[in-house]
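Using the hints, build the complex out of the two chains.
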Amino acid sequence: MADLEIRNLHAAIGDKEILSGISLDINQGEVVALMGPNGSGKSTLAFVLAGHPKYTVTKGSITFQGKNLLQMKPHERSRAGLFLSFQYPSEVSGVTVSNFIRTALNARLPAPIKIVEFAKRLKEKMQLLNVDSKLVNRYLNEGFSGGEKKKTEMLQLSLLEPKLAILDETDSGTDVDALRVIGEGVTKIAQSTNMGILIITHYNRILHYIQPHQVHVLVAGKIVKSGGAELAHEIEKHGFDAMKAKEVR
Amino acid sequence: MDANAKPVTKSDVSALVALDRDVFDHADTEKHTYKSVPGLTEELVREISKQKNEPQWMLDLRLKGLHHFLRTPLPDWGPSLKKLNFDEIIYFARPDAKQDSTNWEEVPKEIKTTFDRLGIPKAEQQWLAGVGAQYDSDVVYHKIRDDLAAKGVIFEDMDVALQKYPELVKQHFMTNCIPVTDHKFIMLHAAVWSGGTFIYVPKNVKVDLPLQAYFRMNAKKGGQFEHTLIIVDEGAQLHYIEGCSAPQYNANSLHAGCVEIYVKKGARMRYSSVENWSKNTYNLNTKRGIVEENGLLEWVSAQTGSGVTMLYPCSVLKGQYAKADHISIAVAGKNQDQDTGAKVYHLAPHTSSIIRAKSISKDGGISTFRGHVKVIKGAKDAKVSVKCDALMVDAISVSNTFPYMKIMESEVDVAHEATVGKIDAEQLFYLMSRGLTEEQATQMVVAGFIEPIVKELPLEYAVELNRLIELEMESH
Ligand SMILES: Nc1ncnc2c1ncn2[C@@H]1O[C@H](COP(=O)(O)OP(=O)(O)O)[C@@H](O)[C@H]1O
Ligand SMILES: [Mg+2]
Chain A
348 MADLEIRNLH AAIGDKEILS GISLDINQGE VVALMGPNGS GKSTLAFVLA GHPKYTVTKG
408 SITFQGKNLL QMKPHERSRA GLFLSFQYPS EVSGVTVSNF IRTALNARLP APIKIVEFAK
468 RLKEKMQLLN VDSKLVNRYL NEGFSGGEKK KTEMLQLSLL EPKLAILDET DSGTDVDALR
528 VIGEGVTKIA QSTNMGILII THYNRILHYI QPHQVHVLVA GKIVKSGGAE LAHEIEKHGF
588 DAMKAKEVR
Chain B
116 MDANAKPVTK SDVSALVALD RDVFDHADTE KHTYKSVPGL TEELVREISK QKNEPQWMLD
176 LRLKGLHHFL RTPLPDWGPS LKKLNFDEII YFARPDAKQD STNWEEVPKE IKTTFDRLGI
236 PKAEQQWLAG VGAQYDSDVV YHKIRDDLAA KGVIFEDMDV ALQKYPELVK QHFMTNCIPV
296 TDHKFIMLHA AVWSGGTFIY VPKNVKVDLP LQAYFRMNAK KGGQFEHTLI IVDEGAQLHY
356 IEGCSAPQYN ANSLHAGCVE IYVKKGARMR YSSVENWSKN TYNLNTKRGI VEENGLLEWV
416 SAQTGSGVTM LYPCSVLKGQ YAKADHISIA VAGKNQDQDT GAKVYHLAPH TSSIIRAKSI
476 SKDGGISTFR GHVKVIKGAK DAKVSVKCDA LMVDAISVSN TFPYMKIMES EVDVAHEATV
536 GKIDAEQLFY LMSRGLTEEQ ATQMVVAGFI EPIVKELPLE YAVELNRLIE LEMESH
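These protein sequences, in sequence, are chains A and B. My numbering puts the first residue of the first sequence at 348, with every later residue one more than the last. My numbering puts the first residue of the second sequence at 116, with every later residue one more than the last.
Pulled out of the complex, with its shape left as it was, chain B reads as follows (with noise of 0.2 Å):
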């Protein structure tokens, strides 16, 4: 965990964590320069690609996605994703603002407020090197600090970068890391995806302070499928976070992104996010990262918000000595299943690989997690270790634990834990005897539970998730 950023001296997620969960449910008026009917079709696939003067290898790629998406069934596993209706969501929605402002002030007053409520730029000011923030389909805003982009680390917007750096982004882009094809979801992310973040570290440059996107879906029955692309060229050293969040609406939305990330050799790539849909969105994300020679990739994910969410970070060590750290922190509360876990490929000599997980269910939720770590034969010497742990505040909630382990070599060190436990009654009561009311108590207990993860995270990230998962435990 001590990855290339040093602790931030101010919250990592206060920018991502208000205090108060109407900050995120509120949702502003609507105004839209261009809102799709609800449904997909080719022609919105090919217009979403016109607006944004995409090269004709795109359109391609967006028409592939399409194709296999109408032609591949649901996952035969998994939370049910029966309620979800395709034909209902609108996929694209571009707020009326200019795109790719870098004067805040430029960006319209609704979405500001939004944006100040939860404190976006304010954190930027202090301690970070750059933001971006997304609105629905389109990027509002973007800026990184001026000694950065002098190194050459580029911070753009997905559509600009597209526009800007072509070669790059084409040789990158759903390409080795996630295929177009890669599942269901994926299909559907590459034939609507817009907007998102690409990042490019020059080699040995070291970004010491992290860069920032937060993503906000605001459209009523709206889809958001922003793409997140990262290069962290070789030796280079970048910690990036991303934050989301969506408005509480009666009718179901739906969240697929994809981060795609390549972590070159002797590279230290950080992503932490802290995803806080609202509970009627459908998270069906995928992140995948390549890790080569001695490179390190560490992945920190607080899951709260969503009613389904199905998320299962995944690394690729694909060269000698490749590392991979897996965090996450998940908690299921009413009419909430959190299917999450993590997946590792270990292709490569010494590499290793650390997997620890904490979920929460509780008022009859449903956490899941699922582990999954390959090691193919040759990859000698690779290092595994997985830690599960999940607490179910009742008697009501769910928690189930699939550890997956293929492993085809027989030089490793692997090793596995996994344990389930309850809230213990005498507890509670030994807690409440000291002046805690019941939820005081409880929300103490999980707290404890969750301390050992939060404990490695820096100091204010700690306590804004703290915050955060107390204000999960607070409601209903």
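The shape of chain A in the complex, shown without the other chains (with noise of 0.2 Å):
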């Protein structure tokens, strides 16, 4: 059994179905790739599986280490070591990236880190993913850029260690620098926490730092076709368009 098992999931908002049936396993240590044309439903699965309300999944299963993980609250998901860098994250005024990030933190130890200790460790994994030191005492994602805010989404995601992230499009509004540290310090963090990696992409920029072992592609809401690495360049040539026409044929 995978650690993430996604069984004929079929969701939608309102009436409106957006994903068709899809499955798919992770396995902590893995790397998996979803790519797709904008408006396929990336971003609708990555939020299915983080637990937002707006959606709603009128079929199928998802099991996380064999636990279920549709009855499961957004917190218990992330608290269990789900994690979702998001395409678009909020923006939260009045609470720093660093208090932000310790209570986070403290909602799922037993007892809350020292200050010290945490302090110690935000430095470490800044220096990892090269994050300018005035960025952590900013208020939450206000005002940053889109290369600033994907940085501070793997900065939680370096603290926190999560056993399966999620990476929404994680490599648009990122310049080349920014992307290059952040892949190589994502595949630090996953050979050091054999974390299990989703990485969600219209294109393929990200999987040059990060290399998948598995490569779906959802078209539509439902994934058309799976392959390895070699998929991904194959896009990247042809782009989803040939792949949209061979699936109509």
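Calculated from the structure, these hints are not laboratory results. Note that beta-carbon positions come from the ideal geometry of N, C-alpha and C, so glycine has one too. A portion of the hints provided could be inaccurate.
[To be verified] Listed next, with one range per pair, are the computed distances between beta-carbon atoms:
hint	chain 1	residue 1	chain 2	residue 2	range
1	A	Lys406	B	Ala366	51 to 61 Å
2	B	Lys495	A	Asp522	47 to 57 Å
3	B	Pro188	A	Asp362	48 to 58 Å
4	A	Lys461	B	Thr290	54 to 64 Å
5	A	Lys461	B	Glu541	27 to 37 Å
6	B	Lys570	A	Leu482	13 to 23 Å
7	A	Ser492	B	Ser500	25 to 35 Å
8	B	Ala530	A	Lys406	49 to 59 Å
9	B	Glu541	A	Gly386	13 to 23 Å
10	A	Gly493	B	Lys492	47 to 57 Å
11	A	Lys406	B	Lys198	46 to 56 Å
12	A	Ala466	B	Lys279	49 to 59 Å
[Said to hold, decoys possible] Only part of the chain A face toward chain B is listed, based on derived beta-carbon distances under 7 Å:
hint	residue
13	His422
14	Ser425
15	Arg426
16	Val439
17	Gly441
Dropping the structure here:
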């Protein structure tokens, strides 16, 4: 049994079905890429995994390490080791990045982490991800550039040390240098913690830095093709249109 | 905000704010040496004055208050006061304790336990220059650091001050600042006031640590009417902190305090208060200060308890270059109507005022902010800045803002800004996806909302205020 098992998942917003029968496995230590054009339902899958109340699961199942994920609340999923890096993270005024991460960390610890210990870990991860020292004292995502937002997501990931991370379009809005740092940082974290990763992207920039073991292509709420890393290169060359056409045929 | 008091080393309010709502709501067994029958009569007013052995002028002042109170209707604006039955309130209740003890050990055990639980004497030892504690109608404990007393600083129970400093009191007590006939609840206050604080800081004396008073209303259906009169003489500095609480009974209780502050030429005064009365208290409080040339008056207020609050601290900027800062936070939860605000009168050139208010409504609570600023003709170069922000935690709560500005001078600089926001569902989900429960996530958004105000406060004050608001967010 895989750590994350998605079986025949159907999900809707209101009456509109967005995901139409998705099945997917991810294990710890594995990197799985989910590619697909805009609007194909990638973020929807990410949100359904994280438990966003906006979506209703109409059919199918998701288990995470043997537990029924669909019965867990968002915070329970997080504490169980699931992490979603948002495509568009929210801004929270008045709450500093460092305060936020510490609160999130404490929420899952039996006893609060000592401030000194937290400061040490935070600094370590900031170095790993080349995060500007001022950033953690700013209010969460308020006025952040696209790249700063994504780095902040990765900083959270690195400190929360999830078992499975979902990276939703982490490569959009980031420049080449930031993307390289993020790619290398995440790879390092994955290696040292045996984290599983679901990389969501509509183009494969990030896959140059994080090697996927498996690639799935999502079109209109369905996985239309699955393969190895070579599939990503194929998409890079020919785009999704070819694949859609193939599908129609 | 850089006033007199440098940031205190220990919590400004650890003494005011205990960590558990039960600490406030818990009622002690009642022990009173005198407890009036419910209701307000001339006989009672005379009895209060007699028991306190007051001079004739004070009795006259009380009777004048009573006379007008009985003939004045309830305000025709603001929260409903229909359920407040004046005939049921016990206006005068004297605890079975020595008045004004300076020895903590002399305070009766039950009362001591309450204040101990609230952290009062401990805080005094650590970071206050003086402490007063009032229980129902009487001040039971009062003490000021010896070196300050030696410099001429007076910190007394108001009743005692009336006996010891009759001229100083007569000159300032409900005269120019808040006259007896100001409004209905001030008239009532004048009639039945008891206890409170009197402070005089002599010229150029800077009180380095805060003075604090704590007011506890314990009698069932009780009323508390403490009178606070503060005179900060020319060039002097003071930070005064007030905390209030009452236990939770089924019957309504009434708090109608009065705070009068005189900030003389070049003096600086910060008045901080955390009012956390029980949810069935009507808190109809009046606070006003007169600021002379180059003086500064800062109001820092947090309102969390009370079923109904009506409180609009007022600054009268009388001398040139006088300044006022009003900073407030109000939280209205279930069945709460927090009607708060700020009033500033600019009566001289180059005066300036800043009003910053944050309010939070949840579980159907109502919070209303009234900002009232008046600049008279001739108050040239006055500066006014008003900013109020409201946050509604859910769809059933209510938030109102009523700005009122009367600017009669053309050479002024006026800025006004008001925002009303709701907690955003996406924001909450984002926080929950990091392991925070919905409640924790809401708390975090609220803490962030008040942060710009909280960060102006001394560190420990800020921590405790956050904790108090967390506590409010948790209840229900
Ligand atoms: N609130 C909504 N109501 C209706 N349709 C929505 C809503 N939000 C997203 N969608 C639709 O769901 C589909 C999938 O969106 P999304 O999962 O964000 O795609 P992707 O991340 O692959 O670009 C799109 O067609 C989008 O228009
Ligand atoms: Mg998307």
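Status of the hints after comparison with the structure:
1. Taken as a hint, the range 51 to 61 Å holds for the pair lysine 406 (chain A) and alanine 366 (chain B), whose Cβ atoms sit roughly 57 Å apart.
2. As the Cβ distance of lysine 495 (chain B) to aspartate 522 (chain A) is approximately 53 Å, the hint placing it in 47 to 57 Å holds.
3. Roughly 57 Å separates the CB atoms of proline 188 (chain B) and aspartate 362 (chain A), a value that falls within the hinted 48 to 58 Å.
4. As the Cβ distance of lysine 461 (chain A) to threonine 290 (chain B) is approximately 56 Å, the hint placing it in 54 to 64 Å holds.
5. Between lysine 461 (chain A) and glutamate 541 (chain B) the beta carbons are some 33 Å apart, a value that agrees with the proposed interval 27 to 37 Å.
6. Separated by about 18 Å at the C-beta atoms, lysine 570 (chain B) and leucine 482 (chain A) satisfy the suggested range of 13 to 23 Å.
7. About 31 Å separates the C-beta atoms of serine 492 (chain A) and serine 500 (chain B), a value consistent with the hinted range of 25 to 35 Å.
8. Between alanine 530 (chain B) and lysine 406 (chain A) the beta carbons are some 56 Å apart, a value that agrees with the proposed interval 49 to 59 Å.
9. In this structure the supplied range 13 to 23 Å holds for glutamate 541 (chain B) paired with glycine 386 (chain A), their Cβ-Cβ distance being about 19 Å.
10. Evaluation of the 47 to 57 Å hint for glycine 493 (chain A) and lysine 492 (chain B) yields a pass: the beta carbon distance comes to about 53 Å.
11. Checked against the hint of 46 to 56 Å, the pair lysine 406 (chain A) and lysine 198 (chain B) passes, with Cβ atoms roughly 54 Å apart.
12. Under the hint 49 to 59 Å, the C-beta atoms of alanine 466 (chain A) and lysine 279 (chain B), about 53 Å apart, fit the expected range.
13. About 5 Å separates the beta-carbon of histidine 422 (chain A) from the nearest beta-carbon of chain B, less than 7 Å, and the hint is met.
14. With a least beta-carbon distance of about 4 Å to chain B, the hint placing serine 425 (chain A) at the interface is held under the 7 Å criterion.
15. Here the hint on arginine 426 (chain A) is kept, as its CB sits about 5 Å from the closest CB of chain B, short of 7 Å.
16. For valine 439 (chain A), the shortest C-beta to C-beta distance to chain B is roughly 5 Å, which falls under 7 Å, so the interface hint holds.
17. At its closest, the beta carbon of glycine 441 (chain A) sits 3 Å from a beta carbon of chain B; the interface hint therefore holds under the 7 Å criterion.
Of the numbered hints given earlier, the model fails none.
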